[in-house]
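Once you've looked at the hints, dock chain R against the given chain L.
2 protein chains.
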Amino acid sequence: MAIDHTQKINGNGAAPHHAELDASKLVVTLAKELKPVPDPETLVFGQTQTDHMLVVNYDPVVGWETPEIKPYGPLTLDPMSSCFHYCPNVFEGMKAYIGPNGEARLFRPEKNMARLARSAERVALPTFDTEAVLTLIKELIKVDARWIPTIPGYSLYIRPTIIGTRAALGVAASDSACLYILLSPAGPYFRGMAKGIPLLAVGESVRSWPGGTGGHKLGLNYAPGFLPQRIAAKQGYEQILWLLGDDEKITEVGAMNFFVAVQREDGDVDLITPALDGTILPGITRESTLALADAHTSSKITLPGVLPTQKIHTHERAITMEELAKQADAGKVLECFGVGTAVLVAPVSRIGWKGRDLVLPAHEGGLGPIGKGLEQTILAIQTGRKEFEGWSVPCL
Amino acid sequence: MAIDHTQKINGNGAAPHHAELDASKLVVTLAKELKPVPDPETLVFGQTQTDHMLVVNYDPVVGWETPEIKPYGPLTLDPMSSCFHYCPNVFEGMKAYIGPNGEARLFRPEKNMARLARSAERVALPTFDTEAVLTLIKELIKVDARWIPTIPGYSLYIRPTIIGTRAALGVAASDSACLYILLSPAGPYFRGMAKGIPLLAVGESVRSWPGGTGGHKLGLNYAPGFLPQRIAAKQGYEQILWLLGDDEKITEVGAMNFFVAVQREDGDVDLITPALDGTILPGITRESTLALADAHTSSKITLPGVLPTQKIHTHERAITMEELAKQADAGKVLECFGVGTAVLVAPVSRIGWKGRDLVLPAHEGGLGPIGKGLEQTILAIQTGRKEFEGWSVPCL
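Top to bottom, those sequences are chains L and R.
Under UniProt numbering, the residue at position 119 of the first sequence is numbered 119, and the numbers go up by one with no gaps.
Under UniProt numbering, the residue at position 22 of the second sequence is numbered 22, and the numbers go up by one with no gaps.
Treat the hints as calculated values from the structure; they're not laboratory data.
Watch out, some of these pointers could steer you wrong.
You can't tell identical chains apart in this list, so a pair holds if it fits in one copy or across any two.
Taking lysine to any residue and the SDA-like style, the derived pairs with C-alpha atoms no more than 25 Å apart in a straight line are [as the list claims (entries may be wrong)]:
#, residue 1, residue 2
1, 234, 171
2, 354, 209
3, 138, 170
4, 142, 102
5, 234, 127
Pulled out of the complex, with its shape left as it was, chain L reads as follows:
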């Protein structure tokens, strides 16, 4: 294994002579037999593996080892590994699309890479060159490009993951790690989304809190939601709307950021999403949604299905369940939706809260005009049919 003897000391207290992550050292071992690509209509989110995966390990003495694309297969890990016991595990969710000329495309991937680096830092995993990871993702996508679905609304989901692999039970930062990238062809995250997603507002279980880790994409933010989610499902709700504090501030929805569009007296619309106060995941679809609504209002673009003269004023601020209920009861809520990489834009049909259901306006096909206009615009950008500020990046 080649070692790059750079002098830089990493944030992990490892030996100063450690190798940086070097995408140019990539070794590719192709699968001998390729699997049949399933009919996209039969896909369930995150349950299909492509032919290959990318794996690269970090060793506390040598640093980042040789990245390898190899046939999809199991990981072999010491049972003492930190990932099992203390959960220094981080991930990203991205998607690849086929562009107009048949080329694979990514959506604002540098945002995912920056967030992955912040996540890794938060749980004291080894640092890495984000550009190298992005290069490796592109290389893997090129190898498995035949798995990218071409049906609108379908894509190849990308799951970069880093897990701590220090094999010792003392509670300490993991000085070893395994970075790996998986691909999975995906259709709609929710079935029957056209009817909208029913949410249960939950404040007794708390997803995140000030000084906690909810603003980072850590695996450990998710398991605490499994039990509340199961209880919600038994009551007929699809996802949880996580509340925080005595004033029941809305934070996020399952694996999505939350948006509500409210009718103003002057005919304009307020589009409100909770502010990034450290308890909320800084979603890339969230950021894109805000930017596109602003672009519509400043006439840079026009959201399809929304009048060019319809001003949408975006707000990143705290919103409580009480405020939302008051607006809904007054008939001022136009639409509520969640956004995220996996779901894109998902309409919310009703919100269970304090023993009643806040019923939200129904729209044909699920999404209201603003949600639909945003979804169509983001999809057009993602698939390279519409250019917007260089957000869509071809895998060259």
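Chain R alone, transformed into the frame defined by chain L:
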């Protein structure tokens, strides 16, 4: 594989005909070559593996499979496994000791089993028969009994672990799991404990929160502490004293519960530990410490080194940093210590807070008389030299 077709429906929504965890089905495959047992003095906590481990998998269709004791070796897992991405991972910390007649002994193991079941339920892992797990632990200890150190203060650390193994990326409870048990001979958790452990009080990063998971033994409670711990270490502190809320309530210390002994006007002593409000791990050493202090005060036992007439009044209640500082500044704090399975009783020498150090009374050998008396009593019970309410359980 034999399947026990019981009718009981488990909490996981799995098929009703699933096998319960059955210790009588245990299969033992012994290692062909046994490793040399290292000199106990050279042991670093959690870095030595014994010859064997126990593994049993849960499958959503068949239920609990055949438990197997086999040579210590790697786990082979699908890279999509839930344990890597969403962290439904739980564990316990226990210890085995050699009794006066050479028999292996456990300390209040049914408490660990009950907590393991509560932890598993909190992250929606499959349910299991806790008595079966305890039987399997005892069988594993018997196989690796030669690894139990006999030097006072040394023991065989036991790490029962359950990880979610559902191999899919959709965010959902893990309907598959791997339960495994590791053994590791261990000496003192901290080196140089005789000088006491310096703590840094931290309130900006928050370990746990009302409605969070701090009251359960989940792997995911630990990784968020790695970065603050590293920052504290750079400032010369060994562990973090986690604070909560604007009033800076003391919660726990790294991987220990916190105790402070305060001199009263009437000559008695108040022994205070934060109450179990859901943000604090319900430690078994914590519970034992409270019970033994109470037993001393009611003259059921006498703590060695403490006058039989010295009354120790235990209190489980909120204590703020401000209160602790006030008592320390007034010279009323007799001793502070942390307790836990791994450390047993660890003296606290000073606490960094608001840019200054709260210096606590120094005692020869580290622990003050109450901490020392508790440590000696617990050790005597653990090693079967003293009987107390059936707390020490031989592995028969």
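Up to 25 Å between alpha-carbons, please classify residue 138 paired with residue 170: within, between, both or neither. between (37 Å within a copy, 23 Å between copies)
Alpha-carbon proximity context of residue 234 and residue 171, limit 25 Å: between (37 Å within a copy, 17 Å between copies)
Up to 25 Å CA-CA - residue 102 versus residue 142, copy category: For residue 142 and residue 102, only the intra-copy Cα distance (12 Å) is at most 25 Å; the inter-copy one is 63 Å.
Is the C-alpha distance from residue 354 to residue 209 at most 25 Å within one copy, between copies, in both cases, or in neither? Answer is both; intra-copy 22 Å and inter-copy 22 Å each pass.
Is it within, between, both, or neither for residue 234 and residue 127, if the alpha carbons may be no more than 25 Å apart? Close across copies (18 Å), not inside one copy (42 Å); limit 25 Å.
In this structure, none of the earlier numbered hints is contradicted; all agree with it.
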